[in-house]
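Each chain, written out:
Number of protein chains: 2
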Amino acid sequence: MSSLQIVFSTLKEAQARLALENRAAKDKALAAAAAAIDRDRAAILAANARDLEKARSGGMKESLLDRLLLNDRRIDGIIEGIETVAAQEDPVGKVRAGWTLPNGLFIEQVLAPLGVAAIIYESRPNVTADCTALAYKAGCSILLRGSSSALESNKALVKAIKAGLEEGGGIADAVALAVSGSRDEVSEILEARGWIDVVLPRGGKELIRRVVENARIPVIETGEGNCHIYVEGSADIDRAVEIIANAKLQKPGACNAVETLLVRRDALAEIMPKLAVSLAGKAELRCDAAARTAICAGAMPAGLVIKDAGEEDWAAEFLDYILAVKTVDTCDEAIRHINRYGTKHSEAILTNDLQAAEQFRARVDAACVYVNASTRFTDGGEFGFGAELGISTQKFHARGPMGLEALTTIKYLISGSGQIRS
Amino acid sequence: MSSLQIVFSTLKEAQARLALENRAAKDKALAAAAAAIDRDRAAILAANARDLEKARSGGMKESLLDRLLLNDRRIDGIIEGIETVAAQEDPVGKVRAGWTLPNGLFIEQVLAPLGVAAIIYESRPNVTADCTALAYKAGCSILLRGSSSALESNKALVKAIKAGLEEGGGIADAVALAVSGSRDEVSEILEARGWIDVVLPRGGKELIRRVVENARIPVIETGEGNCHIYVEGSADIDRAVEIIANAKLQKPGACNAVETLLVRRDALAEIMPKLAVSLAGKAELRCDAAARTAICAGAMPAGLVIKDAGEEDWAAEFLDYILAVKTVDTCDEAIRHINRYGTKHSEAILTNDLQAAEQFRARVDAACVYVNASTRFTDGGEFGFGAELGISTQKFHARGPMGLEALTTIKYLISGSGQIRS
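Protein sequences, first through last, are from chains A and B. As numbered in this note's numbering, residues 1 to 422 make up the first sequence, in order. As numbered in this note's numbering, residues 1 to 422 make up the second sequence, in order.
Keep in mind the hints are simulated off the structure, nothing from the lab. Since the model is a prediction, treat every value here as computed from it, not as a measurement. Be aware that a few hints might be false.
A pair counts as met if it fits within one copy or between any two copies, since identical chains are not told apart.
[Unchecked claim] Straight line, CA to CA, 20 Å or less: simulated EDC-like cross-link-like pairs of lysine to aspartate or glutamate:
1. Lys28 with Glu185
2. Lys94 with Glu405
3. Lys94 with Asp365
4. Lys251 with Glu224
Here chain A stands alone, though its shape is the one from the complex (with noise of 0.2 Å):
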């Protein structure tokens, strides 16, 4: 037996014991990892530190530094995620439905928890913590394999919170940090049929693709975001320039911003001059030549830069200050661009146009479609769920911002008095 499969051994023992675990001794479990994050505070930062010393002599750049860094703010923002997840309510023992058979037997279909999760993540810390905490209150084990790069900072939080769980009466045997660090921890883990019930990778295009190539258990992919905004000209012009620029600006390097502009010929004219004042030294455009037309007729803005747009640039998640613009003769033609060239990810339509505004809640293949809204809130915590578990970008077992009900499955009870089938 490898290390790694004593650990699944442990995850699975553990998770059996959880399940039945009530609602009050998992949010008394999780208060108390809470708690003892806080007061752990200081040996976590020491070893964020050191994580980041490293990082830094390693040549790590200016943005993925800012990830990995812990501080006292973000702790604080960590121990609300764990107060938030415990304030949810529970999902196991939920009835989604129950029927009576005409023989008397009675049907119920409720929720139970998966089972082990594993997640596989690149740097950021909070996701430790978030994660676990989603795994507990839904009544799953959860093996957390972070990246090497982080593996000092998820060390001292995962004891800070092991200790916790224990403090405060739980299974602390539930949560377990990977830490060889090599590639072959995780193969086995993608390779562990019967231990493991879903992993998720969480993290760069190059983790999901490994991960969704090699698993032998079930993967939920997440992350990917080429999203769109569509805007027509019935649209309230001068809220869309803000909700464009707000889904572009606010946090380009997020999954859920804006990376195309979709514009009906009808709005050009009013449009573009707008959008071009208000991204122009914030943001690049890679405009069609009639987006860049229409920008052209008014006064160019100071700073502005404007490129034209190629086929790579509609298939492309450029994670940066960059907005690609294509005109588009209806809403139809917009639909197709989409389900063409997004990634399931979050699409929205800016319009005053019911009808148009119905054509696009439907025909778009997204998990999260917005009529007049920014795409930036595709997000679990923005959705009310606490924390999130990443965004599941598929349509198989869960889809869109993933919070505790991600982390379930279903069973039926059936109640009867000595039926048999005839």
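Dock chain B against the given chain A, drawing on the hints supplied.
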């Protein structure tokens, strides 16, 4: 492009249109498909006769020939199945949850069609019609890959169904039969990422294993059922004997038939002699020493076959007139045995002890957990789903008998009035 890739593309395009059909339109098309099967009865029976002829001359054994056989009564059953599916509520557009955020964003979680389904199945031709009806009603296209032994029957059925859908104003392109019969065809289906949203293997262990191991697209595992009945002394023993006999004898080849009986020691003396009488000449018993002794204490009924049970019997899915019998000391021991050897399909407790019933329901990890009833009810038809895609033995996405909802995903619809994220 291989010919199958053209099929994938047609199915995907048809699904996008089918997703927009309302319930009335889908029901009308399904009713017309049922009528077309009725009308083409002679052609379907003739095609089936050719399949049977070929199978018989190829030496197919009688039980498999019976599975392949169609007759007027079975065609009536197929027609009735389609009509029952049409009569089910439309899952598409069902609002499962909805809430408003503090900023006024209104979020709805709505059921939407999963997309394109593929089913790879063995000889039973009714599966062709059942799965097609369920997929159509759920707004999904379906690719049918039946066994080569049923090819003529399936061709005739699919021809009638497609003609009927067309006549009823529906979308015939949403249904396709894979006809080459080659193993490459299966491989191509299993690798169709981006084209097929789920594949369901329905058939023997070997088929399911092959699909699970090779699929690069989501799979729902079905069918393997090592089901248990656990009986305690507090149960109504005469009724218990009836339930056990029903679960073993009524259709031993079914995945929901009982394979192992667990008897608590306090029930042994009363139940074993009665069970021996009930099963004598009908099913072989493979007993542990205590169970055997309990039988031998009474008069041995004529025709009774008892053998000693071995470890391999606890893990066996006999699918035959064989029942393994094991003595346990506690409900806890029974639950541990089931969670160790069971296939998470259907498990029953026969008792009058409330605490034991609750323990069993909470701790047994299976799709269907029964109290005081036969395991044979685990079936989409019995559950009231009209038909079934199969019985999922996995916990991911769908579990237990699968009706319309197994072919849905969720979609979040978010309605705003200009909200941006701060």
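> Which holds for Lys94 with Glu405 at a C-alpha limit of 20 Å: within a copy, between copies, both or neither?
Replying inline: Both: 10 Å inside a copy, 18 Å across copies.
>> At most 20 Å between CA atoms: does that hold for Lys94 and Asp365 within a copy, between copies, both, or neither?
In response: Answer is between: at 16 Å across copies they meet the 20 Å cutoff, but 29 Å inside does not.
> Are the CA atoms of Lys251 and Glu224 at most 20 Å apart within a copy, between copies, both, or neither?
Replying inline: within (15 Å within a copy, 48 Å between copies)
>> Within, between, both or neither: how does the pair Lys28, Glu185 come out at a Cα-Cα threshold of 20 Å?
In response: Neither, since 32 Å and 54 Å both go past 20 Å.
Hint 1 from the list above is the single one not met by this structure.
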